[in-house]
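**Student:** Each chain, letter by letter, is given below.
2 protein chains.
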Amino acid sequence: MRDLDDQLPGAVDELKELYPHTGRAFVLGITGNPGSGKSTLVDCLIRSYRDAGRRVGVVAIDPSSPFTGGAILGDRIRMQRHATDDGVFIRSLATRGHLGGLSRSTQDIIAVMDAMGHDVIIVETVGVGQDEVDVVSTAHTSVVVVVPGLGDEIQAIKAGILEIADILVVNKADREGADRTVADLSMMLDLRGAAAKRVRILKAVAVKEQGIGELVEAVSEHRAELDHETEGRRRALERAETRLKDLLRSLALDRALARVEAGEGLAALVQRIAERKIDPYSAAEKILAELMGEA
Amino acid sequence: MRDLDDQLPGAVDELKELYPHTGRAFVLGITGNPGSGKSTLVDCLIRSYRDAGRRVGVVAIDPSSPFTGGAILGDRIRMQRHATDDGVFIRSLATRGHLGGLSRSTQDIIAVMDAMGHDVIIVETVGVGQDEVDVVSTAHTSVVVVVPGLGDEIQAIKAGILEIADILVVNKADREGADRTVADLSMMLDLRGAAAKRVRILKAVAVKEQGIGELVEAVSEHRAELDHETEGRRRALERAETRLKDLLRSLALDRALARVEAGEGLAALVQRIAERKIDPYSAAEKILAELMGEA
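Line by line, the protein sequences give chains A and B.
Its first residue numbered 0, the first sequence is counted upward by one per residue in our numbering.
Its first residue numbered 0, the second sequence is counted upward by one per residue in our numbering.
Hints listed in this document are in silico derivations from the structure and should not be mistaken for laboratory results.
Incorrect hints may appear among the rest.
One copy or two, either will do: identical chains are not told apart, so a pair holds if it fits within one copy or between any two.
[Unchecked claim] Keeping only pairs whose Cα atoms sit at most 16 angstroms apart, straight-line, the calculated EDC-like set for lysine to aspartate or glutamate is: (1) 196 - 50; (2) 276 - 84; (3) 285 - 12; (4) 15 - 284; (5) 196 - 173; (6) 285 - 263; (7) 15 - 274; (8) 276 - 240; (9) 276 - 16; (10) 196 - 162; (11) 285 - 230; (12) 202 - 216.
Next up, chain A with everything else stripped away, as it sits in the complex (with noise of 0.2 angstroms):
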């Protein structure tokens, strides 16, 4: 295991030159609350793929402190199994101060990985926020874990991330509730009608490493169905099309606040905007205008 720490988002000629060498990594993306157990979940998925020879990339979305940037330790921990195993690479991401562009910073490191090779990548998040969902719904295939006993959290479930799933995962279902939760699960997902994607809906329990061979033979099939449909071609073409919206906000911006820095300065800017001297609407419009010769 190496680890890539540097800033990558930084390296765009030599993103540049990769490229063309990306596109060849199959992406998983795996999302669910915090204490679904979707680390450990990964933990078991990187074995797996490791053991039929694949080179595995992993990124980790952690939540963690927009103060100190730390990632979460006992999901460090239970990496180091794999810290001497150079088929495997992770790259642990802080949600925060990736503003406007957590969605940039983990496709930068996507290929990355992908042009070094790696057979399989890995992108696990947490929880139901935009941002994490969008993450998600890029990979090839999205895994979304869920526990028995959901209770209120069924209809957000239903709500938020039900439709990105391809593969519904009820983890830890050697708990009370699992056949109810997989029995609510089907029932939202035929209510969504005959013109609805397939969804596969597994049982597991990621500690004691059962389910996982059941959820490596899923993701396979969907793959499969993949690479023969126009979804997969939709998809790619989706995966596009968001990858140049970021970076057109992203580098757009860069060059504004250098247009802001070459001015007045930003801090004096806000200032003015803080004190309701000027509105932000016509602060940014008179910004951009400027930065494209219109004044």
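Fit chain B to the given chain A structure using the hints.
**Tutor:** Chain B only, in chain A's frame:
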């Protein structure tokens, strides 16, 4: 209750006019995982502020379907009791369909409610997602709702959202383990050291309307502190800066996409990126160079 369902973010001219009339409302952010009961808590807070004669705005950022854009039915029903109250203005925002712009849309709605003369604006978001945390962290006072028996969740809370909280509410405090959760949270706060900001921890049972008075009191106390502290000023500047950057990003993207459409068109460009004929970095740089008259 009136419901504003047209697309506000487009109405930039009106927002410019409104801006000088903003900055008077108190913005209260509330976040927590699905099932933490924060909608019920918000419901109690609305009633409490209404009883005190305040006009209340609510921005509910629901996890909703990427396809239907629908909000969660249960919350809508709960809110119905305010349907005939002209002093309550509720706006639901889907978390999807605002790519790069959830924060912008939310701030636009807040600006409108503020200019309309609402005294308190409650922003309710779900979970630990980056955008959601960003939205709440720009509020005057941020409340994080947790439930007893967090288990693994506690690490995520510790790492992810503890720092944005001004007030931690342990809701459903009639459940087993509530005191333990309070103790755990206290310990985690203590570990931050003496320089860290003060965070209040409260217990509540929102469905029984227990602990609501204490929460309103804690919010008032925090608000009074803010008014007298440099922290209040720091947050105002942070909000203005975030607002400006959001608008720059979003307006620049609009212009860049218009430029692309005037040329080969977005679909054709995305196709070339997906086929690896051009890398997205070079594509984005070329568009921006053209836009800025550099090409």
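**Student:** The structure should be examined with respect to each hint, and the outcome stated for every one.
**Tutor:** Against the structure, the hints come out as follows:
1. 196 - 50: neither (31 angstroms within a copy, 48 angstroms between copies)
2. 276 - 84: Neither: 58 angstroms inside a copy, 34 angstroms across copies.
3. 285 - 12: Between copies, since 14 angstroms is at most 16 angstroms while 30 angstroms is not.
4. 15 - 284: Between copies, since 11 angstroms is at most 16 angstroms while 30 angstroms is not.
5. 196 - 173: neither (28 angstroms within a copy, 42 angstroms between copies)
6. 285 - 263: Within. Shortest intra-copy distance 13 angstroms satisfies the 16 angstroms Cα cut-off; inter-copy 28 angstroms does not.
7. 15 - 274: between (42 angstroms within a copy, 14 angstroms between copies)
8. 276 - 240: Cα proximity of residue 276 and residue 240: across copies only (14 angstroms, versus 37 angstroms in one copy).
9. 276 - 16: between (46 angstroms within a copy, 12 angstroms between copies)
10. 196 - 162: Within one copy, since 9 angstroms is at most 16 angstroms while 40 angstroms is not.
11. 285 - 230: neither (42 angstroms within a copy, 29 angstroms between copies)
12. 202 - 216: For residue 202 and residue 216, the Cα distance is within 16 angstroms only inside one copy (13 angstroms; across copies 46 angstroms).
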